[in-house]
Amino acid sequence: MHVIGLRTGFGTIHQIEAVDVQAVVKRRKRGERCRPRPSHCSRPPWVLQPASSGYERRGLASRSQAPTTYPDSPDATRQGVAGLDAVHNCLKMGGAVVSQALASVLGSDTRSNVSRRLLFASLAVIASLIWVATAFASSRDYLWNTQLAASWGHSDLVSHSHYFNSIYPSDPTAGWPTGVFEAVSGGSHFVLNGNGKIEYSHPSTYYDQPWCWNRDSVAHTFSRCTAQW
Amino acid sequence: MRKLVPYALFLGLLLIGGLTAGSILSRGATATSPLSSATVGVLAHPAQATDVLPSSVLELPSARQYDLQGVRLSQEVDGRKLFVVPSKDGLLCLVVSSATESMSNCGAPKLLENSALYLEQPSDNGTMHVWGVVGDEVTTVEGARVIDNTFAYQGEATPQLHISSGSESRVLDLGSLDPPTP
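Protein chains in written order, with our numbering: chain A, 1 to 229; chain B, 1001 to 1182.
Do not take every clue at face value.
To be verified - Here are the computed lysine to any residue pairs in the SDA-like style, where the Cα-Cα straight-line distance is at most 20 Å:
| hint | chain 1 | residue 1 | chain 2 | residue 2 |
| --- | --- | --- | --- | --- |
| 1 | B | Lys1088 | B | Gly1041 |
| 2 | B | Lys1081 | B | Leu1043 |
| 3 | B | Lys1110 | B | Ala1099 |
| 4 | B | Lys1081 | A | Asp156 |
| 5 | B | Lys1081 | B | His1129 |
| 6 | B | Lys1081 | A | Thr173 |
| 7 | B | Lys1081 | B | Pro1054 |
| 8 | B | Lys1110 | B | Gly1090 |
| 9 | B | Lys1110 | B | Ala1049 |
| 10 | B | Lys1110 | B | Ala1038 |
| 11 | B | Lys1081 | B | Gln1154 |
| 12 | B | Lys1110 | A | Pro203 |
| 13 | B | Lys1081 | B | Lys1110 |
| 14 | B | Lys1110 | A | Ser170 |
| 15 | B | Lys1081 | B | Ser1037 |
| 16 | B | Lys1110 | A | Asp171 |
| 17 | B | Lys1110 | A | Ala174 |
| 18 | B | Lys1088 | B | His1129 |
| 19 | B | Lys1088 | A | Pro203 |
| 20 | B | Lys1081 | B | Gly1041 |
| 21 | B | Lys1110 | B | Ser1037 |
| 22 | B | Lys1088 | A | His202 |
| 23 | B | Lys1110 | B | Thr1039 |
| 24 | B | Lys1110 | B | Gln1154 |
| 25 | B | Lys1110 | B | Glu1059 |
| 26 | B | Lys1088 | A | Ala174 |
| 27 | B | Lys1081 | A | Arg117 |
| 28 | B | Lys1088 | B | Asp1067 |
| 29 | B | Lys1088 | B | Pro1122 |
Claimed, not checked - Just some of the chain A residues that point at chain B, by a computed CB distance under 10 Å:
| hint | residue |
| --- | --- |
| 30 | Ala124 |
| 31 | Ser151 |
| 32 | His202 |
Please keep in mind that the hints were generated in silico from the structure rather than gathered at the bench. The structure presented is a predicted model; accordingly, all values stated were derived computationally and were not measured. No residue lacks a Cβ here, since even glycine has one placed at the ideal position from N, Cα and C.
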């Protein structure tokens, strides 16, 4: 059961399972019994002991990556098998949990069908809320903690009938030459320059893009440029 | 041994002379006295009924940081009011307000020691407006009168303005004025 759940979602873990089956078959041929579940089973499978990591890496790499280390001695191989057992047991436990969770949500009975519909409905509501918030927003930060090169402007190239534009240097006390303007293909307008935190509120005349710019001859970091429409 | 004494004296004098000259030169190099103190006298004026920011200015995001008790109307020129506004976060703001537009620039008061806090706006006819706040000692700004710590320049577009205080003079570099082509 848990193998099916893992196979549907996690291809890589499925590969580990396949390698582990081979190891178990080898052990059974040698007449060994399965080891009890190690105490560190609660750790995630990628948190491994150093002694076993080489083998497990090899196991993982056997299908998906080039092998990185190959322990030569039989001791190392035994340690690797022990580590693989740990992974196997961990996967058993984790797989069961994941399978139960998946079955409860995506099962084939009536209750799970209702759950699935609820899931999709809630996803649709979240998506529509995001869309509405974006479509009807009237303010946005079009620059955030960004370094602007010397004499370089920035815009998100989104046009609106803006009535406000601003630029906030990361250090407003430094007196860097700063500026804001708005632009369409016909040219720029609502240009305002200064040497600090500039805010400019004006009539919303043009359907245009907001720009903020570093007017200095060296690059500076700006914490924010904001436009409203 | 006696022959060496004059040489030693000469070298000693040379060393003392060099040190003295170096000291004087280094003092001269760092002796750029500030143009003005960073104090803005208009802020100490008693509050008047006109020292109130228009509602359009109060809608600016920075207005939350303004110390509204400290707002002072400095001058009114060409339909624009120039306010000097201290900010709660230690900055000094120049607010320019007209019937249709509100602008503000906030920076460190320390800027006024050798420069000005300014706003610059190009006009369609090739001229430009520059509004600024200067320290108490600044008496003139090229082509503009200083009234209660502010000036309003309107004239030919220029990359710099000269501001002076007594015998001291500085260049107020307005930087690049033409926006980059989108």
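These are the hints, each one checked on the structure:
1. Pair hint Lys1088(B) plus Gly1041(B) holds up; C-alpha atoms about 18 Å apart against a cutoff of 20 Å.
2. As the CA atoms of Lys1081(B) and Leu1043(B) are separated by approximately 16 Å, the hinted pair is consistent with the 20 Å bound.
3. This hinted pair does not check out: Lys1110(B) and Ala1099(B) have alpha carbons roughly 31 Å apart, beyond 20 Å.
4. Straight-line distance between C-alpha atoms of Lys1081(B) and Asp156(A) comes to about 33 Å, which puts the hinted pair past the 20 Å bound.
5. For the suggested pair Lys1081(B) and His1129(B), the alpha carbons sit about 13 Å apart, so the restraint of at most 20 Å is met.
6. Restraint check for Lys1081(B) and Thr173(A): not satisfied, since their Cα atoms lie roughly 24 Å apart, outside the 20 Å limit.
7. In summary, the hint linking Lys1081(B) to Pro1054(B) is supported, as the alpha carbons are separated by about 10 Å, within the 20 Å threshold.
8. Between Lys1110(B) and Gly1090(B), the direct Cα distance comes to roughly 11 Å. Compliance with the 20 Å bound is thereby established for this hinted pair.
9. About 29 Å separates the Cα atoms of Lys1110(B) and Ala1049(B), which puts this hinted pair outside 20 Å; it is violated.
10. At roughly 5 Å between alpha-carbon atoms, Lys1110(B) and Ala1038(B) fall within 20 Å of each other, so this suggested pair holds.
11. With a CA separation close to 15 Å, the supplied pair Lys1081(B) and Gln1154(B) stays within the 20 Å bound.
12. A distance of roughly 33 Å separates the Cα atoms of Lys1110(B) and Pro203(A); the hinted pair therefore is violated under the 20 Å criterion.
13. For the hint linking Lys1081(B) to Lys1110(B), the alpha-carbon distance of about 24 Å lies beyond 20 Å, and the restraint is violated.
14. Note on Lys1110(B) and Ser170(A): the hinted pairing holds, with a Cα-Cα distance of about 17 Å set against a maximum of 20 Å.
15. Between Lys1081(B) and Ser1037(B), the direct Cα distance comes to roughly 24 Å. Violation of the 20 Å bound is thereby established for this hinted pair.
16. Using a Cα cut-off of 20 Å, the hinted pair Lys1110(B) and Asp171(A) holds, with the two alpha carbons roughly 13 Å apart.
17. For a cut-off of 20 Å, the pair hint linking Lys1110(B) to Ala174(A) stands: about 9 Å separates their Cα positions.
18. Between Lys1088(B) and His1129(B), the direct Cα distance comes to roughly 28 Å. Violation of the 20 Å bound is thereby established for this hinted pair.
19. For a cut-off of 20 Å, the pair hint linking Lys1088(B) to Pro203(A) is broken: about 28 Å separates their Cα positions.
20. With a CA separation close to 18 Å, the supplied pair Lys1081(B) and Gly1041(B) stays within the 20 Å bound.
21. Simply put, Lys1110(B) and Ser1037(B) have alpha-carbon atoms about 8 Å apart, close enough for the 20 Å limit, and the pair holds.
22. The straight-line distance between the Cα atoms of Lys1088(B) and His202(A) is roughly 25 Å, outside the 20 Å bound, and the hint therefore fails.
23. Of the pairs offered as hints, the one joining Lys1110(B) and Thr1039(B) holds, with about 9 Å between alpha carbons and a cut-off of 20 Å not exceeded.
24. At roughly 25 Å between alpha-carbon atoms, Lys1110(B) and Gln1154(B) are farther apart than 20 Å, so this suggested pair is violated.
25. Among the hinted pairs, Lys1110(B) with Glu1059(B) is inconsistent with the structure: their alpha-carbon atoms are about 27 Å apart, more than 20 Å.
26. At roughly 18 Å between alpha-carbon atoms, Lys1088(B) and Ala174(A) fall within 20 Å of each other, so this suggested pair holds.
27. Annotation: proposed proximity of Lys1081(B) to Arg117(A) is violated, straight-line Cα distance about 61 Å (limit 20 Å).
28. Distance hint between Lys1088(B) and Asp1067(B) is fulfilled; the C-alpha atoms sit about 6 Å from each other, no more than 20 Å.
29. Taking the CA atoms of Lys1088(B) and Pro1122(B), the gap is near 30 Å; set against the 20 Å cutoff, the hint is violated.
30. About 35 Å separates the beta-carbon of Ala124(A) from the nearest beta-carbon of chain B, more than 10 Å, and the hint is not met.
31. A cut of 10 Å between beta carbons decides the hint on Ser151(A): the least distance to chain B is about 5 Å, and the hint holds.
32. Because the beta carbon of His202(A) sits about 5 Å from the nearest beta carbon in chain B, less than 10 Å, this interface hint is met.
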